[in-house]
Amino acid sequence: MRKSCKVDIRNQGHTLIEMVISLTATTLLMAGLSAAVVVTSKAFRPETTAMYARTNAAVAESDLLSDLRLATGFTERTSKAATFNVPDRDGDGKQEKLRYAWSGTSGAPLTLSYNGLAPQVITNDVRSFALSYVTTPLAAVVLPAEQTGSQILMVVNDSANPSWGELNRKSLLESWNFQVTLLGFNDGEDVILATAAKVKAVYLNGEIDSKRFKIGASLSALSVGILNEHPDLVDELGFAEATTSTASMIVYVTDNSHYITTGFSTGSCLMATVLTNAVQLSTTPSPNLNSLATVGSKIALATIDPGKLLYDGRIAAGRRVMIPWMTTGSNLLLLNNNGLDLTRKSLEWATGLGNVSVELKKFGYETVFSNENGTSSIQYATRAKLADKARVRSISAYVGGAFDQVRFALYSDKSGQPDKLIVQSDIGMTTTALGWVALNVTPTDLAPGDYWLSFSFKNAYQRYRYNSSGAGERNKSNAAVSNGFLGTWGTSTNTYSGARSIYATYEVLP
Amino acid sequence: MKAIYAIRHGLSLVEVVVSTLLVGLLLTASLVSVGGAARTTFAATQTSDMMYLAQQLLEEISILAFEDPNQTPVFGMEPGESTVPASRTQVDDIDDLANWSETPPKDRTGINLPSYIGWTRSVKVIQGSAQDRTIEVTVTAPSGRSMTLKAFRSKEGGSLQPQGVNQTLVTWIGVTLQTGAGAGVTSGVSLVNHAADQ
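Line by line, the protein sequences give chains A and B. Counting in our numbering, the first sequence runs from 1 upward without gaps. Counting in our numbering, the second sequence runs from 511 upward without gaps.
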């Protein structure tokens, strides 16, 4: 029997050549892969790559540009360094001073010093760093003749280091052609008072530390104009005993005959883009305070004329203006064009532009009577006696009952009856609640004598207040709101002996 | 005696092919990964360069006068002004740069910016109403990629507010920074405040 021979092929080995070749191939493969890994790691190792260095420079430059964009002034400007101020960043009300610098030595770091502290490294290994500047000369505008030389003293806390808000105010005033001098407690009270006596107006900004401000009474005795925005100084300046404040975007213009409010309509006036803190003269205002605008029914924008009584019995030595906005921490950029316009004209008036307030008086019936009546398309007239030579500016009546149109007018008197139309207002509005509604009329000069104050409603539900005894009432059928008042009254539809709650406001003429 | 020969098997062709394919795939994948990462990094850097270059010129143009302050303004170069100014220091209003183009990008004085050979920077100024202009700055890299930044400018720019005193304002600052072996980064910024030397 033939013996079979079995060979176990599972245990076969490799020849030396095979091993050498396979090991060589494996080594080559591993070397290739390793090279790829090494190249990759080198490519992304941050410290050694040009791209990383470039990105690092870009990040540092981005920070530098962000700071430079907000610069408000420079104390150092070279190709290797810049020292400049930026608006307050830490809430202390003062600007921050930044200094970016590179020594010029290749490999040295770019550093940033904050408010004079030790420089901190922004980025290392700087090979080159260069700053270049474009400057633009800005010529002073030619001032209007009446404003030439309008020098303003702005009182701040520290004139050597004014806050961002104070510098903002200064820039704003300069943009309005005023020449502004900053003086602070660091300059001394005597210097402030001596300078105040030479300028056209003093601007007391709302950021002044009122506890350190001891010269309010001395300033008040000067004939120079004073504009105040500080709530804690109203008593020293004589506007009122005390203030309150409320958040508001709106003032209610009550008198648009003054230089400051010229061009504004009476009524609500948006003066800021967001809610801002408005100061109200709340307690014991001066008896001669001219209220130009209110906030929340309290006097906010007001003036006192020279020679008039201050709240505590002193006499105002010069023009005084109280503005309700721009108090501590306020941002000028929050004021809209109305707010800025009122601020500019307030300061202009303080420097002497525009007239002092005219003396305004009223004739007619200021009493709110208790009886109520009214319907549409009737001209209601009430007889009233004018004692002065006058320029009538507005007519006010206590009306309401519906949200609809109303119109006022003034007639002459002939033998105790309404006669010729003298002037009529534009159309105004009443609300459901009764109250005083004032409508301007074209300023019209009147001689002393009897006149007829008239109003007319659009809506049958509108009402007025009346009393059964008075100088006389007349009614005349006419849709005066839509068609205008009759040129000649003619024969009255109804005749009564009472009076209605209506009066006219006028300026006394010499 | 009968000789016994072991039956010796080599690698089959299929095995060789499969192993070669696997190794090839592995190598290809790793190289593609490395290449992709490199391309991404390069593209990001290039995008950043484009943005900085565009911003620098856009900010520089924004501070120019809205219209020629020295003669009756027209859109574009005014009579007597060079249609091909040697540098941007010779232009005096925005629309003087209405069709500006430069290769490679230069600084204000006309000196080539380093590291930007083959790059192009161009400006387009679009006349809106009499009170506004649209400024477009386009930067094109050698690879053909481009980026456009736009800005709107009104007639009364912030730095043009009239004031009662003579003052020289710093209106624009250019910055070039180079760290390590990287290329320098060049940009600029216009200032929003009335910043003067103090």
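Heads up, some of the hints might be wrong.
Stated by the list, open to error - Derived CB-CB ranges, DEER-like: (1) A/Val274 to B/Glu666: 18 to 26 Å; (2) A/Asn124 to B/Lys634: 35 to 43 Å; (3) A/Val39 to B/Gly534: 15 to 23 Å.
These aren't lab readings, by the way, just hints derived from the structure by calculation. Quantities reported herein were computed from a predicted structural model and do not represent experimental measurements. Beta carbons are placed, not taken as given, at the ideal position from N, Cα and C, and that holds for glycine.
Tested hints:
| no. | hint | verdict |
| --- | --- | --- |
| 1 | A/Val274 to B/Glu666: 18 to 26 Å | 23 Å, holds |
| 2 | A/Asn124 to B/Lys634: 35 to 43 Å | 40 Å, holds |
| 3 | A/Val39 to B/Gly534: 15 to 23 Å | 19 Å, holds |
Figure legend: structure checked against the earlier numbered hints; every hint is met.
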